[in-house]
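Peer 1: Read off the chains here:
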Amino acid sequence: GNSVTQMEGPVTLSEEAFLTINCTYTATGYPSLFWYVQYPGEGLQLLLKATKADDKGSNKGFEATYRKETTSFHLEKGSVQVSDSAVYFCALWPEAQKLVFGQGTRLTINP
Amino acid sequence: DAGVTQSPTHLIKTRGQQVTLRCSPKSGHDTVSWYQQALGQGPQFIFQYYEEEERQRGNFPDRFSGHQFPNYSSELNVNALLLGDSALYLCASSSWTSGPYNEQFFGPGTRLTVL
Numbered sequence: 001g002n003s004v005t006q007m008e009g010p011v012t013l014s015e016e017a018f019l020t021i022n023c024t025y026t027a028t029g030y031p032s033l034f035w036y037v038q039y040p041g042e043g044l045q046l047l048l049k050a051t052k053a054d055d056k057g058s059n060k061g062f063e064a065t066y067r068k069e070t071t072s073f074h075l076e077k078g079s080v081q082v083s084d085s086a087v088y089f090c091a092l093w094p095e096a097q098k099l100v101f102g103q104g105t106r107l108t109i110n111p
Numbered sequence: 001d002a003g004v005t006q007s008p009t010h011l012i013k014t015r016g017q018q019v020t021l022r023c024s025p026k027s028g029h030d031t032v033s034w035y036q037q038a039l040g041q042g043p044q045f046i047f048q049y050y051e052e053e054e055r056q057r058g059n060f061p062d063r064f065s066g067h068q069f070p071n072y073s074s075e076l077n078v079n080a081l082l083l084g085d086s087a088l089y090l091c092a093s094s095s096w097t098s099g100p101y102n103e104q105f106f107g108p109g110t111r112l113t114v115l
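These protein sequence lines map, in sequence, to chains A and B.
Following my numbering, the numbering of the first sequence begins with 1 at its first residue and continues without gaps.
Following my numbering, the numbering of the second sequence begins with 1 at its first residue and continues without gaps.
Derived from the structure by calculation, the hints contain no laboratory data.
Cβ coordinates follow ideal geometry from the N, Cα and C atoms, glycine included.
Errors might be hidden in some of the hints.
Said to hold, decoys possible - If you anchor each label on the Cβ, the simulated ranges turn out as follows: (1) B:Asn77 to A:Arg67: 19 to 27 angstroms; (2) B:Asp62 to A:Gly61: 39 to 47 angstroms; (3) B:Glu53 to A:Ser14: 23 to 31 angstroms; (4) A:Asp54 to B:Thr113: 26 to 34 angstroms; (5) A:Lys52 to B:Thr9: 16 to 24 angstroms.
As the list claims (entries may be wrong) - Sample of chain A residues facing chain B (criterion: CB under 7 angstroms; computed from the structure): (6) Met7; (7) Phe89; (8) Lys98.
As the list claims (entries may be wrong) - List time: in silico DMTMM-like cross-link candidates among lysine to aspartate or glutamate, alpha-carbon distance up to 20 angstroms: (9) A:Lys60 to A:Glu76; (10) A:Lys98 to B:Glu103; (11) A:Lys77 to A:Asp54; (12) A:Lys49 to A:Glu63; (13) A:Lys98 to B:Asp30; (14) A:Lys60 to A:Glu15; (15) A:Lys60 to B:Glu103; (16) A:Lys52 to A:Glu16; (17) A:Lys98 to B:Glu54; (18) A:Lys98 to B:Glu53; (19) B:Lys26 to B:Glu51; (20) A:Lys60 to A:Glu8; (21) A:Lys49 to A:Asp84; (22) A:Lys60 to A:Glu42; (23) A:Lys52 to A:Glu76; (24) A:Lys56 to A:Glu42; (25) A:Lys68 to A:Asp84; (26) B:Lys26 to B:Glu53; (27) A:Lys77 to A:Glu8; (28) A:Lys60 to B:Glu53; (29) A:Lys49 to B:Glu103; (30) A:Lys56 to B:Glu103; (31) A:Lys98 to B:Glu75; (32) B:Lys26 to B:Glu52; (33) B:Lys26 to B:Glu54; (34) B:Lys26 to B:Glu75; (35) B:Lys26 to A:Glu42; (36) A:Lys98 to B:Asp62; (37) A:Lys56 to A:Glu69; (38) A:Lys49 to A:Glu69; (39) A:Lys98 to B:Glu51; (40) A:Lys52 to B:Glu103.
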């Protein structure tokens, strides 16, 4: 079946540190891949997406590259800020309108 | 432009009761999907409505049912509540006619607690 596995959290970093959150997936066919972010008390917001192999999604300094050979979509940011503290979800879209999410990774950035 | 809105924000029920959650989609959207997010977990797809019909359904029992109205708003009903139904219920809207992979916009959710 279709599934997403994210690195275990929580992750705590200092401001300006480099961030990597690992995400691997299992899916048939050629799914689209997403990263969503959930700030405290808010709903999910789409952070970035990639719809085919080797695509790089980017937004707000975050990047992720769709790697079909390793079935991965790792999230990276070169210099994190306190405002990046949130829960991050990797998700895949194997069928229209039906997202499959990972378990989420809680990120805390200390000043 | 209002985004996706959900009501109520919080709800407390007891086991065996029934609950109705409501969602208004983003302006211009005609498709509503519902997700259940248990504490510390990722959201799980419950079902999706378009043109007032359930189009897709996840692995949830028949106690979970829904409805979509002509104005595209939607309700999620849960009967015979169990303790395990305690979760954040998220509504997401999108535009069916914009293509199958159009972005879903999420509401802030309804926090349901079953005692």
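Peer 1: Give a verdict on every hint.
Peer 2: Taking the hints in turn, this is what the structure says about them:
1. B:Asn77 to A:Arg67: 19 to 27 angstroms: This hint is violated: roughly 41 angstroms between Cβ atoms.
2. B:Asp62 to A:Gly61: 39 to 47 angstroms: holds, 45 angstroms
3. B:Glu53 to A:Ser14: 23 to 31 angstroms: Once the Cβ atoms are compared, 51 angstroms apart, the range 23 to 31 angstroms for serine 14 of chain A and glutamate 53 of chain B is violated.
4. A:Asp54 to B:Thr113: 26 to 34 angstroms: violated, 45 angstroms
5. A:Lys52 to B:Thr9: 16 to 24 angstroms: Distance hint for lysine 52 of chain A, threonine 9 of chain B is violated at roughly 39 angstroms.
6. Met7: Violated, because the Cβ-Cβ distance from methionine 7 of chain A to chain B comes to roughly 13 angstroms (cut-off 7 angstroms).
7. Phe89: holds, 5 angstroms
8. Lys98: Holds, because the Cβ-Cβ distance from lysine 98 of chain A to chain B comes to roughly 5 angstroms (cut-off 7 angstroms).
9. A:Lys60 to A:Glu76: With Cα atoms ~11 angstroms apart, lysine 60 of chain A and glutamate 76 of chain A stay inside 20 angstroms; holds.
10. A:Lys98 to B:Glu103: holds, 11 angstroms
11. A:Lys77 to A:Asp54: holds, 18 angstroms
12. A:Lys49 to A:Glu63: Within the cut-off at roughly 9 angstroms; holds.
13. A:Lys98 to B:Asp30: Distance ~15 angstroms between lysine 98 of chain A and aspartate 30 of chain B Cα, so the pair holds.
14. A:Lys60 to A:Glu15: Distance of about 15 angstroms is within 20 angstroms: holds.
15. A:Lys60 to B:Glu103: The hint holds at about 18 angstroms.
16. A:Lys52 to A:Glu16: violated, 30 angstroms
17. A:Lys98 to B:Glu54: With Cα atoms ~13 angstroms apart, lysine 98 of chain A and glutamate 54 of chain B stay inside 20 angstroms; holds.
18. A:Lys98 to B:Glu53: holds, 15 angstroms
19. B:Lys26 to B:Glu51: Holds, because 16 angstroms separates the two Cα atoms, which is no more than 20 angstroms.
20. A:Lys60 to A:Glu8: violated, 23 angstroms
21. A:Lys49 to A:Asp84: Cα-Cα ~18 angstroms, so holds.
22. A:Lys60 to A:Glu42: Given pair lysine 60 of chain A, glutamate 42 of chain A holds - Cα atoms ~18 angstroms apart, limit 20 angstroms.
23. A:Lys52 to A:Glu76: Given that 20 angstroms is the threshold and the Cα spacing comes to 18 angstroms, the pair holds.
24. A:Lys56 to A:Glu42: violated, 26 angstroms
25. A:Lys68 to A:Asp84: Between lysine 68 of chain A and aspartate 84 of chain A the Cα gap is close to 27 angstroms, so the pair fails against 20 angstroms, i.e. violated.
26. B:Lys26 to B:Glu53: Between lysine 26 of chain B and glutamate 53 of chain B the Cα gap is close to 18 angstroms, so the pair holds against 20 angstroms.
27. A:Lys77 to A:Glu8: holds, 18 angstroms
28. A:Lys60 to B:Glu53: violated, 37 angstroms
29. A:Lys49 to B:Glu103: Cα-Cα ~9 angstroms, so holds.
30. A:Lys56 to B:Glu103: Roughly 17 angstroms between the alpha carbons, so the hint for lysine 56 of chain A and glutamate 103 of chain B holds.
31. A:Lys98 to B:Glu75: holds, 18 angstroms
32. B:Lys26 to B:Glu52: holds, 16 angstroms
33. B:Lys26 to B:Glu54: holds, 19 angstroms
34. B:Lys26 to B:Glu75: holds, 15 angstroms
35. B:Lys26 to A:Glu42: holds, 16 angstroms
36. A:Lys98 to B:Asp62: holds, 19 angstroms
37. A:Lys56 to A:Glu69: Cα-Cα ~15 angstroms, so holds.
38. A:Lys49 to A:Glu69: holds, 18 angstroms
39. A:Lys98 to B:Glu51: With Cα atoms ~17 angstroms apart, lysine 98 of chain A and glutamate 51 of chain B stay inside 20 angstroms; holds.
40. A:Lys52 to B:Glu103: holds, 16 angstroms
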